Amino acid sequence: MSSVVAGMSPSAFERVKAGSVPGGFLLLATWICFEALQVPLGSFRMPGAGFFPLALGLALGMFAVMLLGMSLLSPASGSTDAWPDRRDGVYLVASVVAAVWLFERAGFLLTMALFLALTTRLLGKINWLTAVVLALVGSVAAYVVFSRVLLIALPSGILPF
Amino acid sequence: MGAIEGLLYGFSVCLTPTNLLYCALGVLLGTIVGVLPGIGPLGGITILLPTTFGMEPVSAIIMLAGIYYGAMYGGSTTSILVNIPGEAASVVTCFDGYQMARQGRAGPALSIAAAGSYIAGTLSVLGLMLLAPALAGFALKFGPPEQFSLMVLGLVILAYMGTGSVLKALMMIVLGLSVAMVGIDHLSGFTRFTHGRVELGDGISFLAVAMGLFGVAEILVNVERTVVPEVIKPKLSKLLPTREDWKRSLGPIIRGSGVGFFIGILPGAAHIISTFVSYAMEKRLSKHPEEFGSGRIEGVAGPEAANNAATGGAMIPFLALGIPSAPATATMMVALLIHGVKPGPVLMEQHPEVFWGLVASMYVGNLMLLILNLPLVGLFINLLRVPQHFLFPGILLVCFVGVYSVNLSGTDLWIMAISGVVGYLLRKARFDPAPIVLAMVLGPMMEQALRQGLMMSRGEFGIFLSRPISATMLAAAVLFLGFHLVASLRHAQARRGAKRAESIPVERPASL
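These protein sequence lines are chains X and W, in that order. The numbering of the first sequence is my numbering, which starts it at 1 and goes up by one. The numbering of the second sequence is my numbering, which starts it at 1 and goes up by one.
Calculated directly from the structure, the hints in this document are not laboratory data. Careful, some of the hints might be misleading.
[What the hints assert, rightly or not] Distance condition first, Cα-Cα at most 20 angstroms in a straight line; then the derived DMTMM-like pairs of lysine to aspartate or glutamate:
#, chain 1, residue 1, chain 2, residue 2
1, W, Lys247, W, Glu291
2, W, Lys141, W, Glu349
3, X, Lys125, W, Glu291
4, W, Lys428, X, Glu104
5, W, Lys247, W, Glu56
6, W, Lys283, W, Glu244
Since the structure is predicted, the reported quantities are computational estimates derived from the model, not experimental observations.
For reference, chain W alone in the conformation it holds in the complex (with noise of 0.2 angstroms):
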């Protein structure tokens, strides 16, 4: 099926009434995920993952991926009217659209974040459109040794690029393939990890632990923090911008779509990464970089392109290889595969309807965020004075439904409120829980591919190097934790250096 013959199939499968409802639903509770701080995309997508299990697998990923993107856009909204980012990839929207909210533009930063996220949207499902499917064929050549060190190399430079300590990152990634080893091994049929416990056979359950992991966990440190908003209202009338604003905005929001895109596809915190890099690219290129921070409308319109524009970049990996990239694709996946499909080369051939299906919903539902997110902007912001005191309670009870209501095991709520104390230390402690997420998914297909790409060479791992494909991706893992090696080393010799240089005794000259 060509890229424009599936694009009208792809039509046919979101247009219905079912799942354009689905669609409506998924960005709304996605702005509002996007809107209230705390819960981000992966919390969202987490604790609402159990409401598809009835769906049909193309309406349950159209609401997640609504949902996905759907915060992208809701994050932007607390940014500038209340300068709270709504999830971490508005914190750069921040900066400027805050400030022009002072100056009494809310208006125009809410308009060209809207209008940016929308460009940058369906730009990137344009790239998702024509990409994915060539590199579906490309990764059907793809043996065990190849598919492991993809995810070697996924795994590596998710440490890489994560918002923290990659040495901290890594030993996130190992803690939740470890997680991912409990259960049957079912290659074998041993039992691992399991102290006899037959409800865990199956494994730990990935919903239980994300909801403790993003649901719980978020709430104990939101609890912490006792933040009364200060909302600036913006007026209705004043909210179309300038012909002067989208003279400044429209290259900010082609080049943030460009960023944001490919930025995307690569493994980590690609939606944070890629509005840093935006902000940068506009202030470098802008003729008054001095101006940037006071209210420069360059500065909103970039970052929310590009973090709009990473979700559909994120989808690549995640569509065509089967390997998710990034902790709320991986959770998307899980949602497929509970419904019995499986993401990967042949998903195209074999699922058409879920694949074109969801890139058209993609083209949709940015619309339709195009649509609510402006004239909805009062109400979204009124999410923000519901007290905590009735909104956490409320999400602790949907994880409680969410996660019984899988297997109806009290062992998974176990689980989940063990998660979310150790997510809560784990934060407490600097580490980022979010690699554990994407770990548990890639665990058991790592393990698989490396035992089998052993069992075809007889037990020797050259078999990952004398194959051009894996050579050059396990080159590409070594080289970037060099990077960070070299990096490090060097940090910390200019570090010395400037202690000592503090440590030495200044000098008087005998003439004073």
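Chain X extracted, bound-state conformation (with noise of 0.2 angstroms):
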């Protein structure tokens, strides 16, 4: 990826690329605050539901400013680490949160042989026969430990079991 955005300085770049991450808590700071204000806030005698989360918001909002201060006074200070330019990260992340969304709508048993065939694959890079065969055989038997001997209750989802 290129570290300079087009038009955009070197220096000026790390600064805004610094200032993302304190950027971010910043407005999560924001958010919180504005939550809760949104029950009643009570008073010092009887502080009421907003009381302290409305005290950890300016709290975490303050913390924010001060990191975002330290990071455009030295950008290198508040650098994150490196993106390895690499996508099994991102593929992995995709595979669970299919995962996730199928689990209750597919059931266990199909949902983690789906799962267990692309993650063996993806990072193994293993041929698809063999990613299947394994996926089948790993999903049926944690199926048989979880479901059958540990009896918890799994989702069945399309298939009868």
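With the hints as a guide, dock the two chains, each given alone in a separate frame, to form the complex.
Take a look at the structure:
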């Protein structure tokens, strides 16, 4: 990825990058304060439901401003770790999200078979046939252990079990 | 119940076949968790927590504690044989342990690490047994103001003693406390941060957040690292240390036990810090400090003893005060709360089987680890050869089942996935997410103590300063923050001075 956005000097880009994390926290703090004000604050004598959350929102905002100041003064100190040029992480997140969406709809057995096939193939660069066979064995074994032996209730989804 | 009487009762609880089995299972799983890089004790406890739901409370805590101190044992094995710490507290063991292994002395290094861990673990249990009842008696005097101030002090120390930036740790604490605010406020009945979603009424599931932060996120971070470990195979015939090794290790083990135990009581990254303190202490006391880092057995014995002793220390605030000082003990506390057992000053009276059963199981578990660890070292090392593409999907599958099984809720799975991505992003931005977990557990207690304290004093904040115990704890918290501020300012000043010195052009003498 290019380190400099078009039309922006390297130092300005570094500052924007360094300020993005505390900026995000500042937004979060504002949201916490806003939400805290939606319920009664009460008084010091009788603090209400919003009292402590408001205090937390203000504290987070104050810390975020401090971090923002530090990051802008020395961008290197507030910088983030390198983002490796590997897409495996993104694909893995997508697989997890898809599995969460499918879990109750398609059921444990089907979702986990798909999830295991996809992730073992993705991370191990093994051929599809091996991945599918391993996924089927793995998901059935997990189903037997969790559902039949440990008696954990798992969603059946579109399958009868 | 006196300490000896209590311990005997504890052995009668722990030595039943069921509890012995769970103890053995716990230490075995803990060792595996410790051996596998990327999954620390916290991740291990979190992922395996749902498997304890069907157990008796005492069996559950015995198994989870076994995972906790078992992981400390397991971490040293990979440090010595592969130069990869299984968990953060074993980093220091790499310095001299791996060098010993390269010199063909992996056996003595492993044996001393195991023996040191056993001695330290046993001594720390002794300390736990003697200190916890006394502290619990003292804690009975605590009202809401003292409880609030104690939690403030604990969280400030957690940030101060952490491994990274204090400011970032404080932000993580506030974030964790905020997450704990989601759901129904039990004092007023109002719902907060739920946006009308009924499933969030009981709050955000602790387990879903913890599994996301330490299961899913750890895997995402580890997917980026493709490490092919070079394993040094120890010869079992050369496993035993010489008399000289024992002579050189005994002092560091005893000192490491003391250091680990007392640092373990404090909140924060006690396991990690205690190993560095012990290593520095041994280096300073040694007649040959220059040889540290090139295979001195003292550099293995002291830190290994320290990180195991810290587990016993960390149990004290959690069991005696009901206020966990570390994320791992916070997770154990959640396990007990799920079983309807509330840790705290009255735990020993209301549930003596849990307290004394746990203490006795730690004696037994440490012995099991000593017996298991050395003969099975080859087996544990082979775990490092399990390919990531089988290991990671398997762990994720367990996370799915674990999170879903608690409330049979798809929402919890979404929370886990979101927490996983958030945990990954936080690590990328160099935030340690561990304080979030501890703060989530303390959040509701802290809010209740603050509000009750203010109600008691009719709105006067002075109540927190007028009561001696509370005032002392708040003063200590301010002192910690003050120390940090002064140190940071000095550091910044020194850095500015160094920069200025670099920018001044060096004038050459005219004669040159």
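Do the hints match the structure? See the list:
no.	hint	result
1	W:Lys247 with W:Glu291	holds (17 angstroms)
2	W:Lys141 with W:Glu349	holds (16 angstroms)
3	X:Lys125 with W:Glu291	violated (45 angstroms)
4	W:Lys428 with X:Glu104	violated (31 angstroms)
5	W:Lys247 with W:Glu56	violated (43 angstroms)
6	W:Lys283 with W:Glu244	holds (18 angstroms)
The structure does not agree with the numbered hints 3, 4 and 5 stated previously, though it agrees with the rest.
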